[in-house]
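Engineer: So the protein sequences, as listed, match chains A and B.
Under our numbering, the first residue of the first sequence carries the number 8, and numbering increases by one thereafter.
Under our numbering, the first residue of the second sequence carries the number 386, and numbering increases by one thereafter.
Honestly, the hints are just simulated from the structure, not real lab data.
This list has only true hints and no planted wrong ones.
SDA-like, lysine to any residue: derived pairs with alpha carbons at most 20 Å apart: (1) Lys-572(B) / Leu-126(A); (2) Lys-288(A) / Val-344(A); (3) Lys-524(B) / Pro-247(A); (4) Lys-572(B) / Pro-122(A); (5) Lys-411(B) / Arg-197(A); (6) Lys-572(B) / Leu-582(B); (7) Lys-411(B) / Leu-127(A); (8) Lys-509(B) / Ser-241(A); (9) Lys-411(B) / Ile-222(A); (10) Lys-288(A) / Thr-357(A); (11) Lys-572(B) / Phe-557(B); (12) Lys-435(A) / Met-500(A); (13) Lys-524(B) / Asp-252(A); (14) Lys-572(B) / Leu-471(B); (15) Lys-411(B) / Phe-180(A); (16) Lys-411(B) / Arg-123(A); (17) Lys-411(B) / Trp-218(A); (18) Lys-572(B) / Leu-127(A); (19) Lys-411(B) / Asn-575(B); (20) Lys-411(B) / Asp-118(A); (21) Lys-288(A) / Ile-369(A); (22) Lys-524(B) / Ser-241(A); (23) Lys-524(B) / Ser-248(A); (24) Lys-509(B) / Val-236(A); (25) Lys-572(B) / Arg-123(A).
From chain A, some residues computed to sit far from chain B (all C-beta separations above 12 Å): (26) Lys-73; (27) Lys-432; (28) Tyr-464.
Just so it is clear, CB atoms sit at the ideal spot from N, CA and C, and this is done for glycine as well.
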Amino acid sequence: MSENIESKPYISFLQAESKHKGIFKWILSTDHKRIGIMYLAGMLCFLLVGITFGFLMKLEMLTPGKTLFDAQTYNTFFTLHGIIMIFLFIIPGLPAVFGNFMLPLQIGARDVAFPRLNLLSWWLYVIGGIFAIVSLFLQGGPIDTGWTFYVPYSLRTGTNVSLPLFAAFILGFSSILTGINFVTTVHRLRAPGMTFFKMPLFVWAIYSTAWVQVIATPVVGITIILVIVERAFSLGIFDPSLGGDPLLFQHLFWIYSHPAVYIMILPAMGAVSEIIPTFAKRTIFGYKAIAYSSLAIAFIGYFVWAHHMFTTGISDVSRFIFSLLTFLVAIPSGVKVFNWVATLYKGSITPGVPLLFVMMFIFLFSIGGLTGLVLGSLATNVHVHDTYFVVAHFHYVMFGGTVMIFFAALHYWFPKMFGRMFNEKVAKWSVGLIFVGFNMLYFTMFILGYEGMPRRYWDYLPQFQTLQVISTVGSWILIAGILLMFGNLHRAMKKGTSASANPWGGKTLEWTIPSPPPVHNFDEIPVITHGPYYYGEEEEK
Amino acid sequence: MSDTVIKNHAENLQEEHVHRDDFGAKMGMWLFLFTEILLFGGLFLLYMAYRLEYSHEFHIAARELNVGIGTFNTIILLTSSLTMALSIAAMQRSRKGLSLFLLASTKILAIGFLVNKYFEWSAKFEHGLYPRSDVLLDKPRGEYLFYGMYYAMTGLHAIHVIAGMTILIFMFVFIWRNIITPTNYVKLENAGLYWHLVDLIWIFLFPLFYLIR
Numbered sequence: 008m009s010e011n012i013e014s015k016p017y018i019s020f021l022q023a024e025s026k027h028k029g030i031f032k033w034i035l036s037t038d039h040k041r042i043g044i045m046y047l048a049g050m051l052c053f054l055l056v057g058i059t060f061g062f063l064m065k066l067e068m069l070t071p072g073k074t075l076f077d078a079q080t081y082n083t084f085f086t087l088h089g090i091i092m093i094f095l096f097i098i099p100g101l102p103a104v105f106g107n108f109m110l111p112l113q114i115g116a117r118d119v120a121f122p123r124l125n126l127l128s129w130w131l132y133v134i135g136g137i138f139a140i141v142s143l144f145l146q147g148g149p150i151d152t153g154w155t156f157y158v159p160y161s162l163r164t165g166t167n168v169s170l171p172l173f174a175a176f177i178l179g180f181s182s183i184l185t186g187i188n189f190v191t192t193v194h195r196l197r198a199p200g201m202t203f204f205k206m207p208l209f210v211w212a213i214y215s216t217a218w219v220q221v222i223a224t225p226v227v228g229i230t231i232i233l234v235i236v237e238r239a240f241s242l243g244i245f246d247p248s249l250g251g252d253p254l255l256f257q258h259l260f261w262i263y264s265h266p267a268v269y270i271m272i273l274p275a276m277g278a279v280s281e282i283i284p285t286f287a288k289r290t291i292f293g294y295k296a297i298a299y300s301s302l303a304i305a306f307i308g309y310f311v312w313a314h315h316m317f318t319t320g321i322s323d324v325s326r327f328i329f330s331l332l333t334f335l336v337a338i339p340s341g342v343k344v345f346n347w348v349a350t351l352y353k354g355s356i357t358p359g360v361p362l363l364f365v366m367m368f369i370f371l372f373s374i375g376g377l378t379g380l381v382l383g384s385l386a387t388n389v390h391v392h393d394t395y396f397v398v399a400h401f402h403y404v405m406f407g408g409t410v411m412i413f414f415a416a417l418h419y420w421f422p423k424m425f426g427r428m429f430n431e432k433v434a435k436w437s438v439g440l441i442f443v444g445f446n447m448l449y450f451t452m453f454i455l456g457y458e459g460m461p462r463r464y465w466d467y468l469p470q471f472q473t474l475q476v477i478s479t480v481g482s483w484i485l486i487a488g489i490l491l492m493f494g495n496l497h498r499a500m501k502k503g504t505s506a507s508a509n510p511w512g513g514k515t516l517e518w519t520i521p522s523p524p525p526v527h528n529f530d531e532i533p534v535i536t537h538g539p540y541y542y543g544e545e546e547e548k
Numbered sequence: 386m387s388d389t390v391i392k393n394h395a396e397n398l399q400e401e402h403v404h405r406d407d408f409g410a411k412m413g414m415w416l417f418l419f420t421e422i423l424l425f426g427g428l429f430l431l432y433m434a435y436r437l438e439y440s441h442e443f444h445i446a447a448r449e450l451n452v453g454i455g456t457f458n459t460i461i462l463l464t465s466s467l468t469m470a471l472s473i474a475a476m477q478r479s480r481k482g483l484s485l486f487l488l489a490s491t492k493i494l495a496i497g498f499l500v501n502k503y504f505e506w507s508a509k510f511e512h513g514l515y516p517r518s519d520v521l522l523d524k525p526r527g528e529y530l531f532y533g534m535y536y537a538m539t540g541l542h543a544i545h546v547i548a549g550m551t552i553l554i555f556m557f558v559f560i561w562r563n564i565i566t567p568t569n570y571v572k573l574e575n576a577g578l579y580w581h582l583v584d585l586i587w588i589f590l591f592p593l594f595y596l597i598r
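Let's have the full structure, built from the sequences with the hints guiding it.
Structural biologist: Right, dumping it as structure tokens:
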């Protein structure tokens, strides 16, 4: 059937002409596929900037005392690393790139519900990014508060705080609009016959994420605005010298920023649920459990924010409750991991590059998740709070979790997006390098943190040096792996062999149309009669 | 509702390339309004926390506010919501002129609200009741915070009034140019929803600042 489709001549979205010329064909396009790729381009630029900051920080930690630059520079570097990686890379991450590109394809739609709003979201993303970058070069110097902008320091510091905060507000607005767009799209534009429980699990994950974006982001929006206003007019709301309570800032900040963690991880989990059935040639195990666990994670995620504040002096009762609720998140997360592993069981597994990334994800994310329990329980939290242990934990979860799946999804959907295949052998080498480098870089941090190395410190005691050196060398290997991976993909975009409509043997709708997809996606809107991972014939054999 | 769906479906068949989904458009708008409520929700949460912490000072500080102007502004906004709703009703009944007139009235009322607000705030400034003023710094911290919250919340609300007015100007142009028509007025309805939200938030701000004293 796929041969028939491909033999038909068509204009792919990459080549399509519009009333605009040159670069405007892209930056004024409302095509969800082009917007997805534009997000990808923007995000990769920021990712490289973020990696550079991380690389320099690790280089500074090679020796105790000053290695390359002074403490103030280090402060701005970890702040910028955090802001760029979180607000400009991981939060938009999978939803903005693959959500935009794949959501309409996977539900059998021609575009998202509000294409122009979608373009506006991208523009807001770009403007927010520009503001963040511009703030680096203004008088006063780059922001040095850490990405959490805690008051009262963020009210007192002379560095540029207001502009990057405003940038974060704009990025939040972009995220809200994307969320509204996706929720409406899922409700209104599913192909005939595609009931909620016939949707691919990536769609479920994007749908849950979109709700978190809609519900959580406004709260951080107002919090950020209040800090800007506070700096300009001294309303006193967060300023202890004027009667305000800085702890309320932390509450409001984490009411958003904890659910934001699930904005980052849920779409990644959705992509895993796509990749595993494709490479195991089996129907996903426990479809409904995975779908519901996405919603459960999104829901419980709202009620755990104060676990970031265990050492701030909040009451024992609230600490106890928040600790308990934090443990509950492990249940739906565990449900997912077990279902993925069960899907692989007795499958006919092809170890393609996306699946290797997924395997790495399951390994790293399990470590990240289990150390999360260490941090979630009160007694151990007090011991390792604000140490490298926390840094290691969230890098295992965010980098080992979300970013690895970002890379996996990039390889998985690359043939669909660009119509070309990448070099598998080189890609596998990069997977190996990333795995080794990652664990050298971050696992040492668990030990360092456990031994008492505080996070965000520019200097350290001599006895930590061996581990710091291992960690720094790990960062070089990791970066080499990442660059090799991007080099390989870049080469594939230009010189790769052309991809068929369905190179991996996937069963969801995006694989039924040619690669790269035509402008209007589907010649005829498909009618859905069975679930998304229907390997019925193969399994009966 | 099912009627509109069928109608929309029929229209979709007629013009293949123009995708129109009024129900979806309204759904998106409601989601957006939801985020607006959450945006103010953060401020209401802060208000609650500080009201509990400094209940006595809030009580005293609230006496300085002018209930007369507050009440007048409440009436203005409620009336503007009425004219907004009537403007949509007029459009549904194909009375373009009346719809434009009612929309213009809504805008004039909104301007009235802002003018009142201007006089109210300048009176406060004359009495030295603004952040960082010597008068306020001498007062207990709870009273300082009351004004902090007052300016933050009514200020953000005023920004929303201005945003709403901007939207209404667009709607006026759209009706004028027949982009909004008696068969396709979902933009006007969504603008109306936004305007009612602006009104609704004021309905909560008014008692919290002016009446609890």
